[in-house]
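First residue of the sequence shown: 3, per the numbering used here; consecutive thereafter.
Derived from the structure by calculation, the hints contain no laboratory data.
Incorrect hints may have been included.
So the derived label-pair ranges between C-beta atoms look like this [stated by the list, open to error]:
no., residue 1, residue 2, range
1, T301, A43, 45 to 55 angstroms
2, K82, N230, 45 to 55 angstroms
3, N166, D12, 37 to 47 angstroms
4, T235, Y143, 28 to 38 angstroms
5, N290, D12, 52 to 62 angstroms
6, G317, A43, 52 to 62 angstroms
7, H190, S159, 34 to 44 angstroms
8, D12, T61, 20 to 30 angstroms
9, T286, S53, 19 to 29 angstroms
10, S291, G25, 16 to 26 angstroms
11, N45, G146, 17 to 27 angstroms
Ideal placement from N, C-alpha and C gives every residue a C-beta, glycine not left out.
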Amino acid sequence: MFLQCALAVDYPDFAIKFSNIGGGTSALPTESNTISLTGKAVNGSAMVRLSDLAYLGATISVSSNTWYVTINGQTIVYTKDSTYFTTTTTYDLYDPSSGSTNSYAIFKYGYSSVAAQEINGTRYVQLTTAANQCGSLLVAYNSGTNTTLAYHFRVNSSSPYTDNNIYIVGGPWLTNWSSSSTTQLAPHFQISELWDDSDDANTSYELQLKMAASQLNCAERIRYYYNNASSMTLTSGFRGWDTNRSTTGSWAKSFHMRGRAWDASNTNSIYSDVYTEFCGSYSTPINNSTYGYWTTRVTNGNSAAYEIEKMPVNGVTWLHVMTQPAAAAGTC
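All chains should be modelled from the sequences, with the hints used to inform the complete structure.
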């Protein structure tokens, strides 16, 4: 009698690095606060340990063959040996027309070319789709070092930065996610109105939409209070290093790329209206000269905005809005 043993399939190790996003205008951001990890190369694809997603700020939990990744209000669910995953984000938005706060949930299916799997008892998921869905700005392969890098603003070596925002995150790796999608992210804003894939041909990376729920809340309020409850065009809901390539200077560490800024157009009074709100009982808002922004003096303004870009008060046909202050120590 012969005893036959099934040998576990192993795959070669692969170098992975998580990095924060430094400034610069080169093809890749300057590496910052990095952590080096070891993944696996499976069918030509970099696979990351499920547990290592914690270095992006995620919380990991496991129930048998179902694996949960929770980050910034989003829950990503993997099933062992499946190439599909799901993502659900739940958030609250204020309805200024009724004065009520309502709950919203965005649910999407995603696809990875390599299945989530266990290798020698360790759980792995495809790096690119996992990191992108966790909110990384980009994932790029460095042929010189044979390393795949995931750039994320929460990376801080082995102790990720704090970020309590809820983000709506998506891109072409999710089903029904395109510039024609009618999925409502807010009562008056669809994916098609926030997502722009026209730059896909000009970028080496998959563009990603990442927007804080507080920014959607702000958009609904400004639309209602300062744009006569009529259509308002938002831009820069998507992010791409190839098109922005800046994290300093007037970009104030690029809050568009962080998911905490948008620009609005379609009216020549929206800027002056929000500016006036920001003034409160003073002649000007708070002058944040470091980054070229006005900070609001009021705590319960109709816009729920925190900062706007400095521009002439009259005759400006667009508005740059942020709902979060500049990154403080220990946060992103």
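Here is what the structure says about each hint:
Our hint of 45 to 55 angstroms for T301 and A43 holds, since their Cβ atoms are close to 52 angstroms apart. For K82 and N230, the hinted distance range of 45 to 55 angstroms is satisfied, since their beta carbons lie about 52 angstroms from each other. Roughly 40 angstroms separates the CB atoms of N166 and D12, a value that falls within the hinted 37 to 47 angstroms. The beta-carbon spacing between T235 and Y143, approximately 35 angstroms, falls within the hinted interval of 28 to 38 angstroms.
Hint check: N290 to D12, Cβ distance near 54 angstroms, so the stated range 52 to 62 angstroms holds. G317 and A43 have their C-beta atoms about 56 angstroms apart, which keeps the hinted 52 to 62 angstroms range intact. Taking the beta carbon of each, H190 and S159 are about 41 angstroms apart, inside 34 to 44 angstroms as hinted. Between D12 and T61 the Cβ separation comes to about 28 angstroms, which falls inside the hinted range of 20 to 30 angstroms.
Judged by the Cβ atoms, the range 19 to 29 angstroms given for T286 and S53 is violated: they are separated by roughly 50 angstroms. Checking the proposed 16 to 26 angstroms range against S291 and G25 shows it holds: the Cβ atoms sit about 20 angstroms from each other. Taking 17 to 27 angstroms as the suggested C-beta distance range, the pair N45 and G146 conforms, at roughly 23 angstroms.
Going through the hint list in order, the structure does not satisfy hint 9, though it satisfies all others.
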